[in-house]
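Fit chain B to the given chain A structure using the hints.
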Amino acid sequence: MKFTVGWLKDYLEFDYSVEELCNKLTDIGLEVEKVLDPSKNLKDFKIAKILKKNSHPNADKLSLCEVFDGNENLQIVCGANNARENLITVLAPVNTIIFQGEKNEFKIRKSTIRGEESNGMLCSEEELGLSDSSEGIIELDENYKIGDNYSQYINDEDIIIEVAITPNRADCAGVYGIARDLFAADFGKLKKKKITKIESKFKTEIKLVNKLKDSDCPNFSIRLIKNVENKNSSAYLIKRFEKTGLKVISSLVDVTNFITIDYCRPLHVFDYDKIQGNLIIRHSKKGESFIGLDDENYELDEGMVVICDDSGVISLAGILGGKTTACDDKTKNVLIESAYFLPASIIKSGRKLNIQSDARYRFERGIDPDSVVDGIEYASYMILKSCGGEPGSIVTDSKKINEKKTIKIEKAFFERVLGIEISDKFIHDKLKKIGCDFNGNDNLAVIPPSWRSDIKIKEDLVEEIARLYGLEKIPSIPLDSQINSNKKKISNIQALRNKIKKLLVSRNIFEIITWSFTDEKTLKLFEEKEKFLKITNPISSELSCLRSNLLPNILSAIKKNINKNIVNFSFFELGPVFLGKEPNEQYDNICVVRSGKINEKSWINKERNLDFFDIKADLSAVLNCLNIDINNLDIFRKSKPYYHPGKSASLLISDQTVGFFGELSPVILNSFDIKNQLVAFELNLTKLQKFYKNKEKSKNPLVTSQYQASKRDFSFEIDKDVFSLEIIKLIKNTDHKLIKDVKVFDSYEGEKINEKKKAVGFEVTIQSYEKTLTDSEINEISENIISKVKKKYNAKLR
Amino acid sequence: MKNYDQLIDSALVELESCETLISLEELRLEYFGKNGEVTSILKSLSKLSEKDKKEVGKKFNLFKQNFFKNLEKKKNIIEQSQIEEKLQKEKIDISLPTREEEKLNSKIHPITHTANEIISILGSMGLNYEEGPDVENDFYNFTALNIPENHPAREMHDTFYIENNLEKLVLRTHTSPVQIRNLQKKKFPLRIFAPGRTYRCDSDITHTPMFHQVEGLVVDHSVTFANLKWFLEKFCKTFFDNEKLKLRFRPSYFPFTEPSAEVDVNCSITSGKIILGEGDKWMEILGCGMVHPNVLKMSGVDDDQLKGFAFGMGIERLSMLKYGMPDLRDFYDSNINWLSHYGFSFLETTDLSWR
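Respectively, the protein sequence lines represent chains A and B. Position 114 of the first sequence, counting from 1, maps to 114 under the numbering used here, and the rest follow consecutively. With the second sequence counted from 1, adding 1000 to any position gets you the numbering used here.
Looking at chain A on its own, in the form it has when it is part of the complex (with noise of 0.2 angstroms):
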């Protein structure tokens, strides 16, 4: 909502600056957004004339002007097609500042242009900061005198200020109900708005019929006005309409539109002779259209209020005029509507309809129900000013009012509330000023303005007294201390979750987090089934479905960086996955991708490709922080078709696939244009959890023994298909008390072995706690770890 302070000194009488007026305007809830105050800026503008006009030698569109200030004659080289002999403009002189905008300065130099000489520029309103237009420069009329300084002519009509207006205050969406706004916050004296009774020349001779008095459109009114003639608004409305931004149509619309502004009344004007027959209001039915003011067709749908002649639609209430009886400069009988339409049914038609309009704005807020009258008066006296003619009756049908609601509250739930005592005297005056009617002390009764529809609840007149009264005033009281009976402690997820990110940070992968929204194309690659959850209204289509999967993601993101000339690099995400529409069904996922070589080319490291075994110690490490050891897991070589066969397993736990790990298959990177090798695990963190035991407290001891280990090596030939993993078990099962560890130190496959074989070393440390093993106990052992991998794997012992 934007406002002059000269428009807003028509209703309020106030000796603050404009800074005092924009914070009082924040502090009562009308937060001021921007304020044009060109008086700071314009001290070095000059009043000056073009004395003559040449054309520039050099350029065909500057002109070379012979400008007079007042005291000398300067060239001066313009760009303006407005520029002409005998113009009064304004000047800025050499080492005048420009400000545009809070960054953006310049300073007005001596200059030469395109080879002339030029002292000066002559200035558009932008220059000035007067108007965000630079059509031309300024034309000032004989009421300018060359030579003066320009900033004396701002006044208060030049003052722009922008509030945003919550969508519960519509009675602010006008110039007078700001103004009373402010009165209510003491900010100067309110000039109560008066309005003319017109006396009727004649009866409005039009049949009215509003079938919607009992639900969407309480209240509507017309009247007639003949004779008009609409010509231009006057000079000090169109500069109003240009400093706020309303576009200027003709006297007669224009009106209207000051109206809504100035008051908060929305009208609509028709040509009289246009309409065919008989007024009627109703519900639009499905199929019929509508030709706007805007020239848009547009389709109505079931339910939409709209005000129709015997043609059909010619207006959409409440939201936009028709084509068809708009009024023109030929327009000579107009007829004025002013109406309440319930918010609900504009918001509805507004929204499918998606038309924006000052109209719209303030019924779908709530306008004054009572302003429906007045309204038409208003406008009746503005037109009879500016257009002249006859006015005819009022006609009006319309339901009868209902009775006021009253709210009532004690005088203590203020404190309650604000946890400070207001006093009486305070709240007394406040909702007077706001307009409201009451009665009582410790239980008040009030009735609320009809302009405050929002007030409905006392918590909403808790609300007036608090932001008048300042909430800058409200002292800052601790909560009251006491131990937070229901206090739990952070869940294992949630504490897990920042765990694992610092760990897999400390393992030199940077954290990114990635829409959850996915392409569904993309998806479909990496998802067998079709059950997404799509977006009605996505973004684009590259954001269409919520991801099933964190791969697609950061696979995209890894392209991002490689397309930088960036390869040796890891990411993980560890965020939500949608796998259903309930709650339940939204599971947090980890996913790491390692791109590049594990060591970049440097002096003291070899370079080396990554390989599944990296992505293996990455996963172990989350296991870790679970206290879950891989070993004791099931890993199975079945995993996604885009890992590769080969080099890739998926993770079970107690028969639930928690997990995959591997190396990517180069078909799902190609679809990514990634010609890096790229290895990856995912890991369902919702479920795998639900595994997740905290350790106890205290430790068990610790045991070590005082005897020495003994080591020895074996080398088996085994199948390849075999894990040595299994091996391991199967050695510790042979004597679980004395063997403390087996280590692989030896995987061979090749030429120089049977190519369905593979040779495995493996180290086995073997230790007592009671004592010191002989060579035959140790060779016991021995004999009996290689009898039972044979027998089991048909190994052979190398």
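Any given hint could be a false lead.
So these bits of chain A aren't anywhere near chain B, every CB distance computed over 10 angstroms [as the list claims (entries may be wrong)]:
hint, residue
1, Asp60
2, Gly79
3, Ser124
4, Glu242
5, Ile249
6, Glu390
7, Arg416
8, Ile474
9, Ser491
10, Asn561
11, Ile728
12, Lys732
13, Lys740
Result set (DSS-like, lysine-lysine): computed pairs, CA atoms no more than 27 angstroms apart in a straight line [to be verified]:
hint, chain 1, residue 1, chain 2, residue 2
14, B, Lys1168, A, Lys286
15, A, Lys34, B, Lys1322
16, A, Lys559, A, Lys647
Since the hints were derived computationally from the structure, they do not count as laboratory data. These numbers come from a predicted model, not from an experiment. Using N, Cα and C, we set each Cβ at its ideal position, and we do this for glycine too.
Quick look at chain B alone, frame taken from chain A:
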């Protein structure tokens, strides 16, 4: 009896002049080896008289002690100088980079870091850490928060809808649905906060379709706006680590609170750089208010008995104000350079634990 003094003296002088371990050993053998001079003298001792035997024996015992004491000393000196010499030769370019140099540059995302800070502060201020789903139904996201169908406030939320037949599903437009899920448990006093992902159908310089919020809710028998002011002042001063920070409470409107306010912090802006806690400009950081009675009623809570306050803030915004990232969209761009620069080492990031 021979005079052995010359032998003894020259042995000790020779010992002194040895420069290598080898010559030391040779000298030892020369005198004390199997056939060494001293060894043979001592062997022939039996031929002497008792008196001489005693005298010579004593002399050589003393000599032996001296010799070996000096030998040990000399040996140490030689070894020492040999090590010294070896060390002098082993020079490296100490300016070469370490193995780890390129390695330890990975970072925690600033959203995680900022959220952790917020979580730790709110946790230690006595609020419980709660969460809720990202896919919400219309009731939790709007209706229960006093935003009925056709309420103008719905225009403030550009909502993403999920294709679904049975009920209206949305991506939550704020973390406030978590308030409702906890109010419905009806365990009071209720003190919670809820961080998480939120979504709005909007994308430009200052909006991303996904962002993060933290919600706070305190409901008890006597909670007032004055308590809310205290709480948020304490929170903001702790978060921005600035006791001088000023807060401005500005009346505003949210459907789920009444009275409602927006909170600004003071700052100065010089050539685009924002410094909080000084200057007379204001920067909006969060929204808050007293819980609207309709919100309590709709969750089946007696609004006569219980009062509450609630607040909500954007994590990215707080992060940008504290750490100075210029552009919101960069948070989701996964650019390594940005992540390295604005991210946090895992050592810097708070642990989530409080008493």
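Checklist entry - Does the no-contact call for asparagine 561 of chain A survive, Cβ to all of chain B over 10 angstroms? => result violated (5 angstroms)
Checklist entry - Is it the case that serine 124 of chain A keeps its Cβ farther than 10 angstroms from each residue Cβ in chain B? => result Nearest chain B Cβ is 27 angstroms from serine 124 of chain A, so the label holds.
Next on the checklist: Does lysine 1322 of chain B sit within 27 angstroms of lysine 34 of chain A, going by the straight-line distance between their CA atoms?
Outcome noted: holds (25 angstroms)
Checklist entry - Are lysine 559 of chain A and lysine 647 of chain A close enough, with their CA atoms no more than 27 angstroms apart? => result holds (22 angstroms)
Checklist entry - Would arginine 416 of chain A pass as off the interface with chain B, using Cβ distances and a cut of 10 angstroms? => result violated (7 angstroms)
Item to check | Pair hint outcome, lysine 1168 of chain B versus lysine 286 of chain A [Cα-Cα no greater than 27 angstroms] | outcome: holds (24 angstroms)
Checklist entry - Is lysine 732 of chain A truly not at the interface, in the sense that its beta carbon sits beyond 10 angstroms from all beta carbons of chain B? => result Non-interface label on lysine 732 of chain A holds, nearest chain B Cβ at 35 angstroms vs cutoff 10 angstroms.
Item to check | Given as non-interface: glutamate 242 of chain A, which should sit over 10 angstroms from chain B by C-beta | outcome: It holds; glutamate 242 of chain A is separated from chain B by about 28 angstroms at its closest Cβ, greater than 10 angstroms.
Checklist entry - Would you say glutamate 390 of chain A is clear of chain B, with no C-beta pair closer than or equal to 10 angstroms? => result The assertion about glutamate 390 of chain A holds, with a minimum of 40 angstroms to chain B.
Checklist entry - Hey, does lysine 740 of chain A actually stay past 10 angstroms from chain B on C-beta? => result Lysine 740 of chain A is indeed farther than 10 angstroms from all Cβ atoms of chain B, at 31 angstroms.
Checklist entry - Is the Cβ of aspartate 60 of chain A farther than 10 angstroms from every Cβ of chain B? => result holds (38 angstroms)
Item to check | Assertion that isoleucine 728 of chain A lies outside the chain B interface [Cβ separation over 10 angstroms] | outcome: Holds, because the least Cβ-Cβ distance between isoleucine 728 of chain A and chain B comes to about 31 angstroms, which exceeds 10 angstroms.
When held up to the earlier numbered hints, the structure conflicts with 7, 8, 9, 10 and fits the remainder.
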